[in-house]
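Colleague: Okay, here's what each chain looks like letter by letter:
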Amino acid sequence: MSVSEARHPARFGEFEAIVQSFERAGGDPALLRSPKVVSLVISGNRVLGANEVAGVHVEAQEFDRGVRIKLFVEPGTRLETPAHLCFGVIPAEGVQEIRPEFDIGEGARAKFIAHCTFPNALQVKHLMEAKIHVGRDAEMKYSETHYHGESGGVEVIPKAEVRVDEGGRFASEFALTTGRVGKLAFDYVVDVAARGLAELVVKAYGYGDDAISVKETIRLNGEQARGLAKSRIAVRDQATSEVVGTTEGNAPYARGHVDCIEIVRDQAVANAIPVVRVRDDRAYVTHEAAIGTVNKKELETLMARGLDEEEAVDVIIRGMLGG
Amino acid sequence: MRNDYLLQIEDLHLQREGRQILRRVHLTVAPKQVFGLLGLNGSGKSSLAYTLMGCAGYAPQQGRILFAGQDITPLPITQRARLGLTLAWQEPARFEGLKVRDYLALGMREPSQERMEEALEAVALSPSAYLSRPVNETLSGGERKRIELASVYAMHPRLAILDEPDSGIDVLSLDDVGHLIRRMATEGTSVLLITHRDEMVPVADVAALMCEGEIVRVGDPEEVRRHYARRCRPCEVAEAVEGARAYERF
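Those sequence lines, one after another, are chains A and B. In case it helps, my numbering puts the first sequence at residues 8 to 330. In case it helps, my numbering puts the second sequence at residues 35 to 284.
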């Protein structure tokens, strides 16, 4: 279906349910209704609302398990207000496959904020397979925040193949810190051309028997390309996490860094595998990974202000995940 | 014995990893008093601070700590803090993602913008420039120290242990620290000021000198300062008989 047909009266109730869930998670519902803001609201495999503005084109096509999306930002366009994408599954069970293609034209600049909400999930699978192209000297920022319930019944599989052209900039931040993670299998691969920049940040907080898997790969293929693969993970109870952060320096003067911090509590288990690979002797790629319990000095500092241990741990973890 | 002291330390002994860190420590701090504890690096001052605060690994083997008449020796840090005792660390921790505003608010019973601004101004930091900054590695050592002091001031504790509040702060700013300490006392907070800089001692009402884990002299700050300056800086004993007890005591 086309975007213009999306706001069908029969779907209005479902639209309102998603918007309410978005609002409970801290979002401003006016953004999803404003004609001045690029927006797209999808529940399950149904497109409930969409809006375009000058220079930005949105196409959404429903299929049995989800929605294919094309988002095109014309060359030179400066999107002053971020585009809001709201994906959700309101029922307790369901599958949602989002297959977006982003194309950011030469010299364009755009920010996308995706809100993914599964408040009642007992058995929900949310899969995103994105293809992203950031044109020459263009800039794209993509932020995806998840709001889950407490059942742990969500499986989230965000995958992206990103191509950043010469002088382009791509920054992604994925956060799953509200509610149970369930199962997360994050997998982004970014190819960066000369003078391009890529930053990947993943933040997740797992508990119960949540399972977190994060793969961030940045291939710095052009001269002076730069990249940062950063992850901040906290796990407690019996939760598990594994982070594989890979940065390749494949061209002269490419600069990359892998930065992973994981906090482990209770019987949780965390793994970190930073991979740095250099194919050009003028490239420079570094990594740092730290896994452990909460820093004792930070903990005692907060306790000396009157917080009990659990409160102090929470402040430290929330700070790490929010910062 | 007087029972109107805020803090009484009785015969405190601390051993860590087979080493005797504190020995026979007796010390009293009165309400609204600034008590200066002088000593060279490694003399046990910070260990005493951690022991008083109840930090992990600093449980004394002997002796007790009374706070407002209550034996707090077995209490964990949080309970000590909730009784009104706190510590400003010599090298304060840094917190990823935590803003100065949130950090200051943590210890305040009723957080208020006014008190936070007052606390930052008390350490000569501009509230508009600092309240929204993260308490992380983007702050210099001196800035972080000032924010630590501001946090303690904002908390308005009954007793503040300030561990080397003057270290990492330039000489010109020592007056700021001194004024803050006096201001805290005026506003009802007792201060245990730990320092190895004798310039700070005039701020104190009473001073003591610590050497090899023992309090070796207590009294008038100026007299203690002179003794420290004359006999301890440079330390005549540490080089000559490192680790030994067989030297003439002051």
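Rather than coming from a laboratory, the hints here were simulated on the basis of the structure. Do not rely on the hints blindly, as some may be mistaken.
Said to hold, decoys possible - Pair by pair, the computed Cβ-Cβ distance ranges are: (1) B:LYS66 x A:VAL276: 48 to 54 Å; (2) B:SER201 x A:PRO42: 57 to 63 Å; (3) A:GLU317 x B:GLU51: 51 to 57 Å; (4) A:ASP288 x B:SER162: 46 to 52 Å; (5) B:GLU221 x A:GLN274: 45 to 51 Å; (6) A:LYS43 x B:GLY91: 55 to 61 Å.
Said to hold, decoys possible - Facing chain A, according to a computed beta carbon distance under 10 Å, are these residues of chain B, among others: (7) ASP38; (8) TYR39; (9) GLY76; (10) GLY88; (11) ALA93; (12) PRO94; (13) TYR137; (14) PRO168.
Quantities reported herein were computed from a predicted structural model and do not represent experimental measurements. Yeah, the Cβ is synthetic: ideal placement off N, Cα and C, and Gly gets one too.
Colleague: All hints, please: hold or fail.
Modeller: These are the hints, each one checked on the structure:
1. B:LYS66 x A:VAL276: 48 to 54 Å: holds, 51 Å
2. B:SER201 x A:PRO42: 57 to 63 Å: Between SER201 (chain B) and PRO42 (chain A), where Cβ atoms are some 59 Å apart, the hint holds.
3. A:GLU317 x B:GLU51: 51 to 57 Å: violated, 29 Å
4. A:ASP288 x B:SER162: 46 to 52 Å: Once the Cβ atoms are compared, 48 Å apart, the range 46 to 52 Å for SER162 (chain B) and ASP288 (chain A) holds.
5. B:GLU221 x A:GLN274: 45 to 51 Å: holds, 46 Å
6. A:LYS43 x B:GLY91: 55 to 61 Å: For GLY91 (chain B) against LYS43 (chain A), whose Cβ atoms are near 59 Å apart, the range 55 to 61 Å holds.
7. ASP38: violated, 25 Å
8. TYR39: Violated: closest Cβ of chain A sits about 21 Å from TYR39 (chain B), beyond 10 Å.
9. GLY76: violated, 19 Å
10. GLY88: With Cβ-Cβ at 9 Å, under 10 Å, it holds.
11. ALA93: violated, 14 Å
12. PRO94: violated, 17 Å
13. TYR137: At 9 Å from the nearest chain A Cβ, TYR137 (chain B) passes the 10 Å test, so the hint holds.
14. PRO168: holds, 6 Å
In this structure, the earlier hints numbered 3, 7, 8, 9, 11, 12 are contradicted, and the remaining ones agree with it.
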